[in-house]
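Participant: If you want the building blocks of each chain, they are given just below.
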Amino acid sequence: EAGVTQFPSHSVIEKGQTVTLRCDPISGHDNLYWYRRVMGKEIKFLLHFVKESKQDESGMPNNRFLAERTGGTYSTLKVQPAELEDSGVYFCASSQLWTNNEQFFGPGTRLTVL
Amino acid sequence: DAKTTQPTSMDCAEGRAANLPCNHSTISGNEYVYWYRQIHSQGPQYIIHGLKNNETNEMASLIITEDRKSSTLILPHATLRDTAVYYCIVRFLGNNDMRFGAGTRLTVKP
Chain W
483 EAGVTQFPSH SVIEKGQTVT LRCDPISGHD NLYWYRRVMG KEIKFLLHFV
533 KESKQDESGM PNNRFLAERT GGTYSTLKVQ PAELEDSGVY FCASSQLWTN
583 NEQFFGPGTR LTVL
Chain E
183 DAKTTQPTSM DCAEGRAANL PCNHSTISGN EYVYWYRQIH SQGPQYIIHG
233 LKNNETNEMA SLIITEDRKS STLILPHATL RDTAVYYCIV RFLGNNDMRF
283 GAGTRLTVKP
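Quick mapping for you: the protein sequence lines, in order, are chains W and E.
Following this note's numbering from start to finish, the first sequence increments by one per residue and tops out at 596.
Following this note's numbering from start to finish, the second sequence increments by one per residue and tops out at 292.
Because the hints were derived from the structure by calculation, they are not lab data.
It is possible that some hints are incorrect.
Claimed, not checked - Chain W stretches covered by chain E per the calculated footprint, using a threshold of three residues with CB under 8 Å from any CB of chain E:
| id | stretch |
| --- | --- |
| 1 | 545-558 |
| 2 | 562-569 |
| 3 | 584-593 |
Unchecked claim - Using C-beta positions, here's what the derived DEER-type ranges look like:
| id | chain 1 | residue 1 | chain 2 | residue 2 | range |
| --- | --- | --- | --- | --- | --- |
| 4 | E | R198 | W | N544 | 43 to 53 Å |
| 5 | W | K523 | E | A195 | 29 to 39 Å |
| 6 | E | I221 | W | Y556 | 35 to 45 Å |
| 7 | W | P563 | E | T254 | 42 to 52 Å |
| 8 | W | T502 | E | K234 | 27 to 37 Å |
| 9 | E | F274 | W | E496 | 39 to 49 Å |
| 10 | E | E240 | W | P563 | 41 to 51 Å |
| 11 | E | D249 | W | G553 | 40 to 50 Å |
| 12 | E | T247 | W | S491 | 33 to 43 Å |
| 13 | W | L596 | E | N235 | 46 to 56 Å |
| 14 | W | Y556 | E | E240 | 26 to 36 Å |
Values in this document were obtained by computation on a predicted structure and should not be read as measured data.
C-beta: ideal position from N, C-alpha, C; glycine also.
So here's chain W without its partners, still in its complex pose:
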């Protein structure tokens, strides 16, 4: 069974540009989460989807970040326009519905904003 995959693994962009990160959860997992770790900080929760609906987006830092999960399968996280402080590693995780046990994390996307 394939794990959570994220694309790209690395992205280097200039300040003001737009970047879109993609996450493919484990097949059948209705819960999908985005987290990020910015330089020197702890891993922080961004938002949570249940299928295609945003269940909790309390961790989204500002309106430059837009997450979507059309059709309830893969998800995208768009940063527009990117700022220097957005640099970090963005993780996606998924889990089955009706369980609060294990969240499976992807390898992350390392975003560098120059």
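Put chain E on the given structure of chain W with help from the hints.
Facilitator: Okay, now just chain E, sitting in the frame of chain W:
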């Protein structure tokens, strides 16, 4: 979710047991204790979780004190590949997001 306190770093000799402590003195009755780890350049990995009773799986054992104010993750025979940052997380059953702290950086030495 309750706050957790972990040592910043620990060392362990290869082949020996690694015992990682976590304090969660404000834990409430229906909060679970979870342990994850992050090996360098990888995503966090689930290890184990528990509520009141001690738990064991193929990776580790979790010992929770009777008053539930602290717990210990035990890696029975640490290997070099267990070198990672270990996170103790306390969360309610209804909360789906994981609140990571700073964790403990475990270094297993030959």
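Participant: Sort out which numbered hints this structure fails and list those numbers smallest first.
Facilitator: 1, 2, 6, 8
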